[in-house]
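Below, each chain spelled out in residue letters.
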Amino acid sequence: MGLKRLSRLHVRSMEEVVSLDDDRIFDYPWVYAVEVGHWELDDSQAARLREYLLRGGFLMVDDFHGSQDWQIFAEGIAKVFPDRPIVDIPDADAINHAVFDIEDRFQIPGIQFLYTGRESEYDGYDPHWRGVYDDKGRMMVAICHNSDLGDAWEHADEPQYPEKWTSRAYRMTLNYIVYAMTH
Amino acid sequence: MEWLFQYPRIVYERGTFVFLSGWPAWLLALLILVVSAVFAWRIFWPEDDPNLPRKVRELSLAKRLRLNLTPRALVLWVLQSLFAGLVLFLVWRPGLEVSALRSQQNMIAVLVDDSGSMLENEQGETRLATAKRLLAEDILPELKDRFAVKLYSVGGGVQGVADLNAVNGASESSHLGESLAQLARDTSNLPVGGVLLLSDGADNRGAIPPELLAAIRARRIPVHTLGIGRTGMERDVEIEELRAAPRTFSNAKLSAQVRVRQGGFSGQPARLTLKLDGKVVANKEIVLAADRGRRGFQEIAFPAGEAGAKILEASIDPIEGEPNLGNNVRRQLVNVDPEKPRVLYVEGEPRWELKFVRRAMEEDETLELVTMLRTTQNKIYRQGIAEPKELETGFPTIPEDLFAYSGLVIGTVESNWFTPSQIKLIRQFVDERGGGLLMLGGRNGLSDGGYANSELASILPVSLGESANTFSRTPSKPALTARGEESLITRLVDDPVENRKLWQQLPPLADWQRVGDPRPGAQVLLEVGAEGRRTPLLALQRFGYGRSAVFASGGSWRWKMLRDHADMAHHNYWRQLLRWLVTDAPRQVSTELSEQILLDRGDVSITTRVRDKKWKPVTDATVTARMVNPDGASTEQRLDPVPGQPGEYKLSGNFALPGTYVTEIVARRGTEEVGRDTLSFRRENGVAEGFGRVQNKGLLEGLSQRTGGNYYSPADASRIAEEMTFSQSGLTMKETRDLWSLPVFFLLLALLKGSEWALRRKWGSL
Chain R
7 MGLKRLSRLH
17 VRSMEEVVSL
27 DDDRIFDYPW
37 VYAVEVGHWE
47 LDDSQAARLR
57 EYLLRGGFLM
67 VDDFHGSQDW
77 QIFAEGIAKV
87 FPDRPIVDIP
97 DADAINHAVF
107 DIEDRFQIPG
117 IQFLYTGRES
127 EYDGYDPHWR
137 GVYDDKGRMM
147 VAICHNSDLG
157 DAWEHADEPQ
167 YPEKWTSRAY
177 RMTLNYIVYA
187 MTH
Chain P
45 MEWLFQYPRI
55 VYERGTFVFL
65 SGWPAWLLAL
75 LILVVSAVFA
85 WRIFWPEDDP
95 NLPRKVRELS
105 LAKRLRLNLT
115 PRALVLWVLQ
125 SLFAGLVLFL
135 VWRPGLEVSA
145 LRSQQNMIAV
155 LVDDSGSMLE
165 NEQGETRLAT
175 AKRLLAEDIL
185 PELKDRFAVK
195 LYSVGGGVQG
205 VADLNAVNGA
215 SESSHLGESL
225 AQLARDTSNL
235 PVGGVLLLSD
245 GADNRGAIPP
255 ELLAAIRARR
265 IPVHTLGIGR
275 TGMERDVEIE
285 ELRAAPRTFS
295 NAKLSAQVRV
305 RQGGFSGQPA
315 RLTLKLDGKV
325 VANKEIVLAA
335 DRGRRGFQEI
345 AFPAGEAGAK
355 ILEASIDPIE
365 GEPNLGNNVR
375 RQLVNVDPEK
385 PRVLYVEGEP
395 RWELKFVRRA
405 MEEDETLELV
415 TMLRTTQNKI
425 YRQGIAEPKE
435 LETGFPTIPE
445 DLFAYSGLVI
455 GTVESNWFTP
465 SQIKLIRQFV
475 DERGGGLLML
485 GGRNGLSDGG
495 YANSELASIL
505 PVSLGESANT
515 FSRTPSKPAL
525 TARGEESLIT
535 RLVDDPVENR
545 KLWQQLPPLA
555 DWQRVGDPRP
565 GAQVLLEVGA
575 EGRRTPLLAL
585 QRFGYGRSAV
595 FASGGSWRWK
605 MLRDHADMAH
615 HNYWRQLLRW
625 LVTDAPRQVS
635 TELSEQILLD
645 RGDVSITTRV
655 RDKKWKPVTD
665 ATVTARMVNP
675 DGASTEQRLD
685 PVPGQPGEYK
695 LSGNFALPGT
705 YVTEIVARRG
715 TEEVGRDTLS
725 FRRENGVAEG
735 FGRVQNKGLL
745 EGLSQRTGGN
755 YYSPADASRI
765 AEEMTFSQSG
775 LTMKETRDLW
785 SLPVFFLLLA
795 LLKGSEWALR
805 RKWGSL
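Protein chains in written order, with this note's numbering: chain R, 7 to 189; chain P, 45 to 810.
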């Protein structure tokens with residue numbers, strides 16, 4: 007609903023859940039994955055994700071926190087692309103300017119903030135906005151580490167959840183989606 | 045048969061029927077009717093014969109009449125009526141009025157082809173010797189009895205000769221059209237009653253240009269042709285024609301169409317090779333005669349490569365036992381432009397089609413794709429722009445900005461997003477600027493975007509229905525049409541069979557849109573929808589100076605996402621479609637040559653069209669051509685404005701040296717440069733005569749037909765002199781020829797009476 011209101015994106019009202027093992031994944035050139043600090047990709051799944059991304063698919067990962075989650079995620083990505091590094095996204099990258107100009111990227115905590123009062127989880131104190139690029143410099147994987155943009159969308163109508171995080175989460179996501187649909 | 049009709053056929057063809065008695069024709073018709081009626085009365089009217097049975101006598105008159113109407117009586121009545129009618133017809137003195145040349149007061153021009161191909165030996169005699177023999181024995185003596193005869197030799201031009209010995213096949217080329225036009229001019233004060241051309245029809249151009257034919261026809265002189273040489277090929281293979289776009293942009297994929305003809309090698313395999321600047325770029329195995337393809341052309345795709353003037357060469361490898369190898373190769377020039385055309389793609393909402401089209405074009409070096417995407421209600425995301433200000437204020441509103449692009453793609457954007465003046469501008473972009481417009485399907489595209497009621501509807505290759513809801517997100521497979529199988533746009537792989545298979549294997553489109561029928565002249569390359577209810581998916585046409593196309597889908601991205609990442613089907617499709625869109629889109633300064641390959645002649649004219657940024661003709665430009673000759677020397681000449689053609693400038697010249705000439709045209713307005721264009725042409729000597737070793741009968745027949753003359757074969761030579769008498773050109777008089785004395789009529793009369801007599805004998809009484 008937020009994306010519809012903020013942009014001319016024509017999106018469904020409900021998400022479509024697809025598995026990496028399902029051929030239907032190729033019908034969705036943009037996929038969003040959460041808690042990838044717990045994923046376990048076998049060789050065939052890694053090869054499938056690589057093929058998906060090389061064909062032009064885009065993966066946005068979110069809601070995984072701390073060094074342990076990162077290690078597991080990074081191992082999975084290394085299986086997908088053994089020879090491609092994960093790099094920090096520079097402020098000037100087109101993904102930060104597709105719809106909104108966003109350069110002061112701050113951490114976006116999940117709903118747990120309301121219960122714990124902590125903006126970070128585990129040892130994920132600093133937000134990391136990273137990506138994996140293809141040979142032509144186009145981002146294939148956008149990584150939101152130590153933030154939870156998904157919670158910020160989901161709890162947009164929660165009075166206690168700060169509006170600035172919801173607002174920023176929507177804007178960043180819109181940038182990511184429009185980037186994925188233009189690069 | 046001629047003895048039956050007394051006069052040659054041409055008299056009947058050219059003559060006008062008249063009755064020489066001077067009596068009215070209606071009287072003849074009336075008399076024939078009366079005589080027939082009298083015969084009918086005599087034969088069919090019932091007699092009051094008391095010997096007839098009482099039963100018969102008591103019948104009514106009508107019934108008795110019906111009894112007399114037997115088949116035998118009818119046959120006799122017809123025979124008698126025909127006989128009497130024919131006699132009456134002859135009494136009226138039928139005749140023909142025909143226009144004939146006055147004896148000894150007219151000139152007949154006899155032209156003998158003096159080109160090298162006339163030295164071809166056939167059955168122990170050269171073609172030239174055959175022509176001379178026919179002239180000396182069958183034609184000239186009789187012609188000279190009737191007319192003043194002047195002999196000419198025809199090669200690169202026409203030249204009067206004293207006798208036939210001066211014609212020896214020494215001319216390197218044969219330009220029949222130019223020669224006849226020159227003859228028409230040179231003899232404008234003379235009473236030329238007709239022209240007789242003895243030739244094998246081997247013209248270096250392969251045809252007579254319409255403007256030359258018009259000049260010959262304007263004199264109303266009939267050109268009779270006597271075709272010399274065999275009409276079928278014997279143990280020879282020839283590249284009859286090579287066609288390819290004369291100019292293109294760098295790295296574009298081009299198609300060469302090659303027509304091969306052969307004699308004596310039917311069914312044999314042969315290798316057709318294409319070279320660009322001496323380097324093999326494509327080849328194809330063909331089967332001679334049996335594999336001539338559609339309309340007789342073989343089609344081969346090849347890459348144009350980097351910018352520059354290039355020689356494209358099509359050749360057939362020599363076949364064992366083929367004596368003439370001089371016609372196994374043909375060449376033409378291809379000017380590969382360094383300038384990249386720019387295409388603007390406007391998309392009304394983020395969608396996958398834009399991403400994947402961009403990806404296809406990112407790896408294409410032939411053109412630049414600029415995209416503007418409406419991401420929010422008020423924001424446009426621009427990609428591929430040359431400088432920050434480009435499209436900063438949205439879609440162009442003035443011609444200078446829009447006309448800087450060569451192609452325009454409109455995606456799913458409602459028609460009312462454009463202002464009425466922008467819609468008008470888009471129309472002018474195609475119609476006047478010569479740009480290419482491609483409209484895509486989408487939930488706000490085509491009919492659903494309200495374009496049926498816009499000014500753009502009429503320039504599209506398909507009609508648009510007024511109803512919305514034509515857009516469907518049900519995946520559907522594209523189907524290649526017969527046209528699509530031939531087109532380079534839909535040629536995803538070179539081999540036609542593999543290409544057809546590939547189209548069958550492509551995944552269904554993510555969406556598609558129903559459109560109306562194609563317009564007359566439009567080509568439908570792809571269709572979509574259920575069998576029996578298919579609708580055009582890709583249709584295209586020329587409109588005004590430009591071209592327009594509809595690809596009624598926004599879902600071809602599945603051809604990339606659902607196939608291996610290295611698969612190029614999607615990318616090739618879009619590259620070829622967008623290249624087609626901008627091919628031929630003129631630039632501000634665009635130049636055309638009368639011919640690119642000059643065979644044994646040097647005349648060429650260069651015409652340049654100069655337009656300003658609004659695409660209005662520039663009438664005050666200074667246009668110069670810098671010509672680099674084959675020997676490296678360069679000259680600079682000015683092009684003159686063409687009267688009555690604003691913005692057009694022309695230069696004609698004759699170029700003697702064989703080789704390639706590179707011309708750079710620069711148009712200036714004061715000190716400001718309007719634009720420039722570079723192209724090339726080539727002169728080749730001594731090549732043309734290796735081609736067309738068989739008689740070009742079609743050319744000679746066509747020439748005769750269009751000028752009111754006749755085509756003759758050597759067997760008809762004895763008829764020529766007499767038949768040339770009947771002409772409407774020169775000094776003529778009306779002659780009348782009696783028809784009543786024709787043997788055929790007397791034979792017919794005898795036949796009619798004889799038949800009646802024989803039948804009466806056989807049948808006895810009726």
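None of these hints come from the bench; they were simulated from the model. A virtual CB, placed ideally from N, CA and C, is assigned to each residue, including glycine. Hints are not guaranteed to be accurate.
DSBU-like mimics (lysine-lysine), calculated; alpha carbons at most 35 Å apart, straight line [said to hold, decoys possible]:
#1 Lys297(P) x Lys170(R)
#2 Lys142(R) x Lys797(P)
#3 Lys142(R) x Lys660(P)
#4 Lys521(P) x Lys142(R)
#5 Lys142(R) x Lys297(P)
Partial selection, computed: residues in chain R whose CB lies under 10 Å from chain P [said to hold, decoys possible]:
#6 Pro35
#7 Tyr58
#8 Phe64
Violated hints - listed by number, lowest first
As far as the earlier hints go, 1, 2 and 3 are violated by this structure, in ascending order.
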